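Engineer: Residue numbers (the numbering used here), protein chains in the order written: chain R, 32 to 318; chain X, 32 to 318.
No lab work stands behind these hints: they were computed from the structure.
Values in this document were obtained by computation on a predicted structure and should not be read as measured data.
Any given hint might turn out to be false.
To be verified - Here are the simulated SDA-like cross-link-like pairs (lysine to any residue), alpha carbons at most 25 Å apart as the crow flies:
1. K161/R to Q165/X
2. K161/X to T248/R
3. K161/X to H228/R
4. K161/X to P311/X
Claimed, not checked - Sample of chain R residues facing chain X (criterion: CB under 7 Å; computed from the structure):
5. Y160
6. F164
7. V256
8. A276
All residues carry an ideal CB built from backbone N, CA and C; glycine is no exception.
Number of protein chains: 2
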Amino acid sequence: MRAGIDQYATRVEGQPEIRDRTDPCVWGLPSTPELEGFAERGYLQRDGVISSATVEACLAEIDRIQVDPRLKGDERIIREERGTAVRSIFDIDVLSTVVREAISESGAEELARQILGSEVYIHQSRLNYKPGFQGGAFYWHSDFETWHAEDGMPTPRAVSASIALTRNEAYNGPLMIMPGSQRLFVQCVGKTPANYHRRSLVTTTPQIGVPSEDVVTEMWNSFGVDMLTGPAGSMTMFDSNVMHASGGNITPIPRANIFVVFNSVQNRLGQPFAAGATRPPYLARRG
Amino acid sequence: MRAGIDQYATRVEGQPEIRDRTDPCVWGLPSTPELEGFAERGYLQRDGVISSATVEACLAEIDRIQVDPRLKGDERIIREERGTAVRSIFDIDVLSTVVREAISESGAEELARQILGSEVYIHQSRLNYKPGFQGGAFYWHSDFETWHAEDGMPTPRAVSASIALTRNEAYNGPLMIMPGSQRLFVQCVGKTPANYHRRSLVTTTPQIGVPSEDVVTEMWNSFGVDMLTGPAGSMTMFDSNVMHASGGNITPIPRANIFVVFNSVQNRLGQPFAAGATRPPYLARRG
């Protein structure tokens, strides 16, 4: 934990505050209509950033990694509680040349540099796969709140790219973003338990690092919501502090995506702001 | 249970069949474009079937009935597991003059008569209320499969009206229908447990009376899906055998609707086709 004044203080006791974000959303200059839209809404979408062949190749990597004997027991491979099917593969840009090249093909890094106005590095990467019928909802949250509290990320000078490997439709639990919510920082209540990531990675109903229902309602009334649908091969890039969630999925349509977080080299991690120890590098690289 | 050949046999052992429905979907003549659409897709939608004032009056009935001392302990009032908040009120057309008049205002009964080609009676009615953040998903099923198996409804000569008391949007778990699926009858596997309705009314993940994931996938590939959104005051009428589900809701927007099932007087209930005893009248009136 760190001493001193923290404008993004969180995991507080008592009544949480909703604070204005003092840092910009787009740090780069000159701006473009696409970046102005990003600054306004906290996200942007591009179609066809990777080819169908690349999509197929990335999906095939799940099958390959799933049975790779060298990765048996590796904590970066999150498997089904029952069975050996893979749900998330962290460090995917390290573990898979195919996915690393797909990220390169997507143009996400150049876009991240434009938005963050500096060189960037990968803070976290993973490939997520959920078969049909099994996608639980994921509750409203700001990623930055967690990265600040648990990883020591100083400011919200980071962006996430979600590259779709399956189509995202309104019915199979797409990303939902409150557009504009990145301009506010919502304090969360409660002390971070030790080794909290071991629980938070597997639950879909986190208790820590999420705003209260009253606050979500207030934010909803201010900003409304956009459902981010799109074909396989499309990309959504979103601000690290935008309030977002994803719905459940009871359809047969699976959901898979590559998720890459780019952090500014001006924003390297320090000690956690509201947790006892740093998290493992596969969750938060230290640049 | 009943002996003899049953074209809608269900709750079977072993491999379930998908059978053609031999009964029509629209029994009335002459037809209209609206009814032809219903026959094709298994549902129709009308906007503004009840006024805003009626919507408000119906919502107020929840608060009234919730605290009515005469209804304390009444099994028709399904409350929260914790607390006393009301989730569903069965027999709502009997318990509330306001809601009975709203149903009358909606024109649902006349429409049901047109579709079913006969006089009709109310098989079941209820008012459903789910606050924001708390609506679980409800898995794919055909209502008729349950009514046939557990209530002794001979044929799918019944329709359901869902009258929206809140807006239904893609993001707050609307009704999802597989259009055209009413033309097939999907057998379900497994014996009906005694008093199964006591469990099936409170769970969102029923084990009995639902098709397998393989069958849902096959149906999905044949029919696709429509998400039924609409403003408060709109009505969806759907066939008793159409395959449908509803998604979960993690938004602050509550969901409330009046649900009324009309059955043809030519289709009165007999003994259950696949259960030991009949269910209570508030779930299945016997005409």
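Engineer: Would you check the hint for K161/X and T248/R, treating anything up to 25 Å between C-alpha atoms as holding?
Structural biologist: The hint holds at about 15 Å.
Engineer: Between the alpha carbons of K161/R and Q165/X, is the straight-line distance 25 Å or under?
Structural biologist: Holds: K161/R and Q165/X sit about 23 Å apart, inside 25 Å.
Engineer: Just to be careful, I want the Cα atoms of K161/X and P311/X compared with a cutoff of 25 Å; is the pair within it?
Structural biologist: At roughly 24 Å apart (the allowed maximum being 25 Å), P311/X and K161/X satisfy the hint.
Engineer: Given Y160/R as an interface hint, is the shortest Cβ-Cβ distance to chain X below 7 Å?
Structural biologist: Check failed: Cβ of Y160/R comes no nearer than 17 Å to chain X, outside 7 Å.
Engineer: Hint check: is the beta carbon of A276/R less than 7 Å from a beta carbon of chain X?
Structural biologist: Since chain X brings a Cβ to about 6 Å from A276/R, closer than 7 Å, the hint holds.
Engineer: Straight-line Cα separation of K161/X and H228/R no greater than 25 Å?
Structural biologist: violated (31 Å)
Engineer: Does F164/R hold up as a contact with chain X if the rule is Cβ-Cβ below 7 Å?
Structural biologist: Hint holds; F164/R Cβ to chain X Cβ min 5 Å, cut 7 Å.
Engineer: Taking the least C-beta to C-beta distance, is V256/R closer than 7 Å to chain X?
Structural biologist: holds (6 Å)
When held up to the earlier numbered hints, the structure conflicts with 3, 5 and fits the remainder.
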